[in-house]
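2 protein chains.
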Amino acid sequence: MGDQVGQAVDGTLYYIPYTEFVRVRALRGAPEQRVAIFADMCRLNALYMIARAGSGHIGSSFSSLDIISWLLLEEIQPAETPESSGDVFFSSKGHDAPGYYSALIGMGRLDFELVHKLRRIDGLPGHPDVATPGIVTNTGSLGMGISKAKGMVFANRHAKRQGRVFVMTGDGELQEGQFWESLISAANNGLHEITAIIDHNKLQSDTFVKNVSDLGDLEAKLRVFGWRVERCNGHDIRAFAETLASLQDEPRPKIIIADTIKGRGVSFMEHTSLDSDVAMYRFHSGAPDAGSYRLAAEEIMDRLQWRLSEIGASPLKVESIKREAADPPPATAQRLIPAYARALLEQAEKHRNLVALDADLILDTGLIPFREKFPERFYECGIAEQDMVSMAGGMALKGLLPVVHSFACFLSARPNEQIYNNASERTKIIYVGSLTGVVPGGPGHSHQAVRDISTLAAIPGLTLVEPSCEAEVGPLLDWCINEATASCYVRLVSLPWEIPYKFPEGYKPRLGQGVTLIEGSDVVLIAAGPVMLSAAVQAAEILATDNGVSIKVINLPWLNHVDGAWLRSALGNCSKVFCLDNHYVVGGQGDAVARAINRFEQRNIKITCLGLGDFPPCGTNQQVISMVTLDAQAIAKAISN
Amino acid sequence: MGDQVGQAVDGTLYYIPYTEFVRVRALRGAPEQRVAIFADMCRLNALYMIARAGSGHIGSSFSSLDIISWLLLEEIQPAETPESSGDVFFSSKGHDAPGYYSALIGMGRLDFELVHKLRRIDGLPGHPDVATPGIVTNTGSLGMGISKAKGMVFANRHAKRQGRVFVMTGDGELQEGQFWESLISAANNGLHEITAIIDHNKLQSDTFVKNVSDLGDLEAKLRVFGWRVERCNGHDIRAFAETLASLQDEPRPKIIIADTIKGRGVSFMEHTSLDSDVAMYRFHSGAPDAGSYRLAAEEIMDRLQWRLSEIGASPLKVESIKREAADPPPATAQRLIPAYARALLEQAEKHRNLVALDADLILDTGLIPFREKFPERFYECGIAEQDMVSMAGGMALKGLLPVVHSFACFLSARPNEQIYNNASERTKIIYVGSLTGVVPGGPGHSHQAVRDISTLAAIPGLTLVEPSCEAEVGPLLDWCINEATASCYVRLVSLPWEIPYKFPEGYKPRLGQGVTLIEGSDVVLIAAGPVMLSAAVQAAEILATDNGVSIKVINLPWLNHVDGAWLRSALGNCSKVFCLDNHYVVGGQGDAVARAINRFEQRNIKITCLGLGDFPPCGTNQQVISMVTLDAQAIAKAISN
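If you read the protein sequences in the order shown, they are chains A and B. Residue numbers for the first sequence, in the working numbering: 6 to 646. Residue numbers for the second sequence, in the working numbering: 6 to 646.
No wet-lab data here; the hints were simulated from the structure. Be aware that a few hints might be false.
Because identical chains share one entry, a pair is satisfied inside a single copy or across any pair of copies.
Claimed, not checked - Subject to a maximum C-alpha distance of 20 angstroms in a straight line, what follows is the list of computed EDC-like cross-link-like pairs (lysine to aspartate or glutamate):
hint	residue 1	residue 2
1	Lys122	Asp636
2	Lys165	Glu381
3	Lys581	Glu606
4	Lys433	Glu88
5	Lys611	Asp568
6	Lys215	Glu385
7	Lys433	Asp619
8	Lys642	Glu606
9	Lys433	Asp483
10	Lys165	Asp92
Quick caveat, the model's predicted, so the values are computed rather than measured.
Pulled out of the complex, with its shape left as it was, chain A reads as follows (with noise of 0.2 angstroms):
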């Protein structure tokens, strides 16, 4: 579920204006040769998007587009609103969404100035939400798909109306619980409305599936379990065609297993250019360089003028835009993920118990650099959160100091019982978090970990900490495996993040306190993490400067446990407190400082939270900001009225 976020392509990009989308819908000859030419041209499309917004799924957006063209040109009467008959169709895995907002919008069934706004406030969502015109369920998070389905066709029959449901999923997805979960009463109730379609490309988020957690014999499994299986090449129109007609009348739920190729259109992103032990794709998710994106763009548009003229239609017009290049982060922003692989390896050194377990993110959760150094203590769960929890828990019992690693919106929600029945057992396990959040902001709100803490820090004997700097993150790692005496969750944004304040030197985490980043006497902020601290940092300066306030600035990486004693010395003759939370006010740090100052004598403090109260929005990393209003000026304004 990769979500690596990159750098805007400058120079010239390309882009196939509207018109051409209907000129081409409207081209006589076999289906099959227009359907091709539209993929094409949305392929085209979905690498402008990402290239423009700087981050997207490629590799998954190009094995999808032939099937998703097809389905859309030619097989699916779409149903005018949720409540009318008609067919929809939706990606499980949503990574896709480049290429399918391409789709809806060569159909005119999008605005076609939104193929400008991918991951932009006013735009297109990183992942699909029922926002979007075109989108009918919310997905980012895998293997919700056919559970989805079965109850919109439930509905449909409740109601009497007509309609299929064809879902799009992924092949990694498949290692997801909830998958094979959803197949069985979809059998046993003979679903024959709902077509799933694999896109078989072979890879999820690191490498190739089979190297991951091989799914063995596909069409076997999938078969035992009642459904219906056929299985053809995803980018042969007319077999993908053959095939969907061939299971018009069948009592089952039916599912194609589609062979296809990850970033199939352009030669150098198609999977199969790699050697197959490659150690990770490298178009799964973020933009491609700018030279890259050229030689892409190039190869896609000479190939749709030679398919233009080989059926004799006139050369397509191809608009393009000159976009300047985005200032890249600066070189001093701190990196979070890189420092907490180096502490990591330094912890394994020390402990020949450590183990770690990555769900198929290990790029994204910095995990390379252990399983060079330690391949025998590396183990690749792949998409399987749940499983990988528990198996973390049977080897704790056993002896051995797990390090669990996904993204902090897939880790704290969907293995949350797992969590909760480790920490029962009393063993010690540490949980990393990354990505967590509200930046960036273009993954959308199923990426966007804003709940973790309010779903872990309830949990006894689970402590939460987040670093404010790279400098934090050694010793609360340590921390965390020294002296904690259970289970710990780590929780690290994973931007590079420009950092306006110094750690201290020599400084040792102590359980509940803080340290002191900026001295000051009139109001305390308290915060954790890089993205508040910054802006804490920052709006302090600002009300200095225009309000002449004096504002202390504490960094408290302690996010279920304050120390009363320390914080009433903290705050000492300050009686306005102002707690910043990266996360829903609901639950975050913010009431567990609350929690602490409730327990004082003294009443004379008032406490302010500020953070999240709906989903955050999808955009640009300060769109965002601004809109949940946690930048530095929002946070002034609040402390100052």
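Please arrange chain B on chain A, whose structure you already have, making use of the hints.
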């Protein structure tokens, strides 16, 4: 995963003393005969434990005991410590704990006196916990077993230890996605040390597995996942032993489908005595009535005497004790589940789009009347909570109003990410979690839902409510269905509870506003639900009598929304507020009240939150409530301090 809590059996109860186990274990002759006798002795003692405790799972204990007895007596070389070589056995389903305990007791691995202390605070927990000798992992929430076993095997391999891992699973348990998720890497890694044994007794909590969610050709399914699969009669001890022996050199992980009979060993408890379409198996959980108990005990004792005489051994000595009849719950005790069942029917009459979903707990969640009245609007989803919740999401997107049921412990955690995903679609779904809070205290921490508020409260748009008595159930459900603009979670205490307050007539719920149950002027007590509010009212009486303190008790059914203006006026001149949470303090209702008070301008209010800090103990209801200091005396003491 049903966990009905009934009445302890009165009159004469029978158990077999330890000396008899020693004698039988030393008997000469065929091991199968010895094991069969041992298993029946364990049946009698397990029945005794359950009858005395008033709850526990007979059917599953009896179906698994022949297998467990063979493993313990003949097969397993137990690891002395978690970190030494040797075999381990555990039950992933955990329901069969009384059977396994009685076997451990019979082996001398558990103190014999514990036979009298099932589900007691100084005894044996309702579901397995590692604090009990011989228990290697905590279970009670289904589907985690093979994942745990894999972790143990990886740890053994890491430490170069020998040891096999035997995992017993249920068959209903196989509906959980994690089970299938966990199979994949075990096969890919050739974890031959694992032998899973499916206690295939054909029934899950409510009724026949095939009526709930038919698993189809189980052998084929498991085989295609790459495991070595064998099948045998789980009550033919020789056949089971031979099957085990045949797997010795198998390089793949192994699974034995053991065909068993739920309730095996007592003719009228055996599921084979039921019609195959029976709606409800009576001996899944809960103690039998006294008549059934005695018939069952006599049948087992008769067979034991016959078996011993058959091999020429002297008759068995059986001990008996007389138990007084325990007080039944008073006739005036309020029962929220039946009240909910009536309220749901009333709403269903009005809303044709209302459908109910259940995860194999139709009896416990009160859905039998709904299924009878609206069979076409009832969806039995099986033990597949993630699938159920995402299915509800699909239904809601297509115009249905799904009402989703399970125990709160499972519903709030297992499908937590799926609930969040649904909420992000801004549809309306009602989630109903029963068995909330620390009582019943018998099932143990896997079933005591004291974390559900914390895991759900931060979800935008989701309103959490908890009725205080029968009279409040209908109005609150009515509010959720007819007034709420988004999804709701209804938190229900399942135990019948004596309620010392009267609910105002003509009550209309107002979001965030509570109802004063008792007027008072010195201290305000705020709580929700019958357990805490009863304790609050009793504490108020104690304090009035003993200390002359005047307490106002407020029923606040809103768990994550507090109307600040209402609260300010409700507090009047009181400056001391206590919140009582049938939940961990962290993330409970008290945090929501504190957030509201912290927004007040006035700063003279002292708020104290009482609730749980650590995992709740397992015991009788009164034991548990006292241990977590949430009984009236403890609350009165906390207030008067």
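Open item on the list: If the cut is 20 angstroms between Cα atoms, do Lys581 and Glu606 qualify within a copy, between copies, both or neither?
Closed with: Classified as both: same-chain Cα gap 16 angstroms, cross-chain 12 angstroms, threshold 20 angstroms.
TODO: Measure nothing new, just compare the shortest in-copy and cross-copy C-alpha distances for Lys433 and Glu88 to 20 angstroms and report within, between, both or neither.
DONE: The answer is between: 15 angstroms across copies meets 20 angstroms, while 50 angstroms in one copy does not.
Open item on the list: Please sort Lys165 with Asp92 into within, between, both or neither, judging by C-alpha distance up to 20 angstroms.
Closed with: within (14 angstroms within a copy, 56 angstroms between copies)
- [ ] Measure nothing new, just compare the shortest in-copy and cross-copy C-alpha distances for Lys122 and Asp636 to 20 angstroms and report within, between, both or neither.
- [x] Neither: 22 angstroms inside a chain and 58 angstroms across chains, both beyond 20 angstroms.
Task: Alpha-carbon proximity context of Lys642 and Glu606, limit 20 angstroms - done: between (30 angstroms within a copy, 18 angstroms between copies)
Task: Intra- versus inter-copy proximity for Glu385 and Lys215 (alpha-carbon distance at most 20 angstroms) - done: within (12 angstroms within a copy, 35 angstroms between copies)
TODO: Pop the pair Lys433 and Asp483 into one bin, within, between, both or neither, using alpha-carbon distances up to 20 angstroms.
DONE: within (14 angstroms within a copy, 45 angstroms between copies)
Open item on the list: If the cut is 20 angstroms between Cα atoms, do Lys611 and Asp568 qualify within a copy, between copies, both or neither?
Closed with: Both. Shortest intra-copy (18 angstroms) and inter-copy (19 angstroms) distances satisfy the 20 angstroms Cα cut-off.
Open item on the list: Checking an output row: Lys433 and Asp619, CA cutoff 20 angstroms. Within, between, both or neither?
Closed with: Between. Shortest inter-copy distance 16 angstroms satisfies the 20 angstroms Cα cut-off; intra-copy 34 angstroms does not.
- [ ] Tell me, please, which holds for Lys165 and Glu381 at an alpha-carbon limit of 20 angstroms: within, between, both or neither?
- [x] Only across copies: Lys165 and Glu381 sit 13 angstroms apart there, 56 angstroms inside one copy, limit 20 angstroms.
Violated hint for the displayed structure: number 1, the only one.
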